Amino acid sequence: MSAAVREWGPRQRNPVILLGIPGPGLVGVIAVDYLIEKKDLAEAGTIEIPALPPIAVVKEGIIVSPLRLYAGDGIYVIKSDVPLLPSAFAALVEGVMNWAIEKRPKMAIFLGGVPDDQRMEVERPEVYVIFNNQDASQIAGDIKASKLSDGLLSGYPVMFLWAARRRGIPAMVLMAQSYLKYPDPGASAEALRALFPLIGELDLGELEAKSEAIRLKLKDLMEQTSQVMAQGAEEMRAIPAYIA
Amino acid sequence: MGWYYREVRWSVYSVRGPIEPIADVSVERDCVRIVIDLPGASKEDVDLLLREDALFLEARANVGGVPVTYRKLIRLPVEVDPDAARATMRSGMLVVEAPVKKPKFRRVGVE
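Heads up: the protein sequence lines correspond to chains A and B, in order.
Numbering-wise (the working numbering), the first sequence opens with residue 1 and increments by one.
Numbering-wise (the working numbering), the second sequence opens with residue 1001 and increments by one.
Be a bit skeptical, because a hint or two may be false.
Said to hold, decoys possible - Straight-line distance between alpha carbons at most 20 Å, and here's what the computed DMTMM-like set of lysine to aspartate or glutamate pairs gives:
| no. | chain 1 | residue 1 | chain 2 | residue 2 |
| --- | --- | --- | --- | --- |
| 1 | A | K181 | B | E1097 |
| 2 | B | K1072 | A | D220 |
| 3 | B | K1072 | A | E94 |
| 4 | A | K219 | B | D1024 |
| 5 | A | K181 | B | D1045 |
I should point out that these hints are in silico values taken from the structure, not numbers from a laboratory.
Predicted, not measured: the structure shown is a model, and the values here were computed from it.
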């Protein structure tokens, strides 16, 4: 059963749609959170997944869905505050792509981290990209990411790319070299930097300056995510990875 | 089914006591490697104790103007040689490497 997207507010045509969920290094979540703040995107909807456990975020005494939609400046951002098991993620991407069809998005983007044992030795993480078709590759144009060549891709990026391809939506997965089990704002900054040609430039200084506070603030979410990733790997017999 | 609520203050990290930092322990060949995330801490702020089967850490840090204390006890999966251990600090992450203690067989006479 797929997710239901409930949208309010002004609609946007040909938008760029970004999806960030807790995963390796919390790269996607940190990146979209920063984008929402810097571009002052307004909350524009919620996403409900039947497969999700009974978890809600509490804001000023009122429960809100842990999956929310933000919009503005030609961009939609879908953000999850909770880690998702493969079944919940599958429902999410099916629901989001069904909702996205009528908007004729310019590009759908899944942001995440690709765990690397050598991350500690790296000053500036590499950013990699995989597209779901040739159109997406051309639309992406000048993004500063290395296109992965021949290999095997597994996990959530695959679900995302296939769901978009079945509906003719150009899509890409942007993955930054990251830690697996530690929040990685540095990787998020590089992922956002790579996306400037598609989303416009952002001042990343504050993200870099607040890196320590972000790592501390997201400690609990990272620990929960690590547990869910281990459970999810059992379910799928794979951890999101790329093998060249 | 029980219910659970945890207050999270997003603007200022609300510190009510020592924080248990994220740590990862891996056994690599003949060495145990422990990596602990200590945002805001420098090597001078870390008090590290190691014995054959456990590591205890306490560290003080300042994160965004807020004083933070880290404290963690980690039980190791195998015994190590604490005298040969090495600890380094990189980008706010503490890395401790200790060689696995080789078990010694002792000859026992049969009476």
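Structure-based check of all given hints:
Distance hint between K181(A) and E1097(B) is fulfilled; the C-alpha atoms sit about 18 Å from each other, no more than 20 Å. Restraint check for K1072(B) and D220(A): satisfied, since their Cα atoms lie roughly 15 Å apart, inside the 20 Å limit. For a cut-off of 20 Å, the pair hint linking K1072(B) to E94(A) is broken: about 42 Å separates their Cα positions. Between K219(A) and D1024(B) the CA atoms are separated by roughly 13 Å; this keeps the pair inside 20 Å, and the hint holds.
Our distance criterion of 20 Å between C-alpha atoms is broken by K181(A) and D1045(B), whose separation comes to about 23 Å.
Against the hints set out earlier in the document, violations occur for numbers 3, 5.
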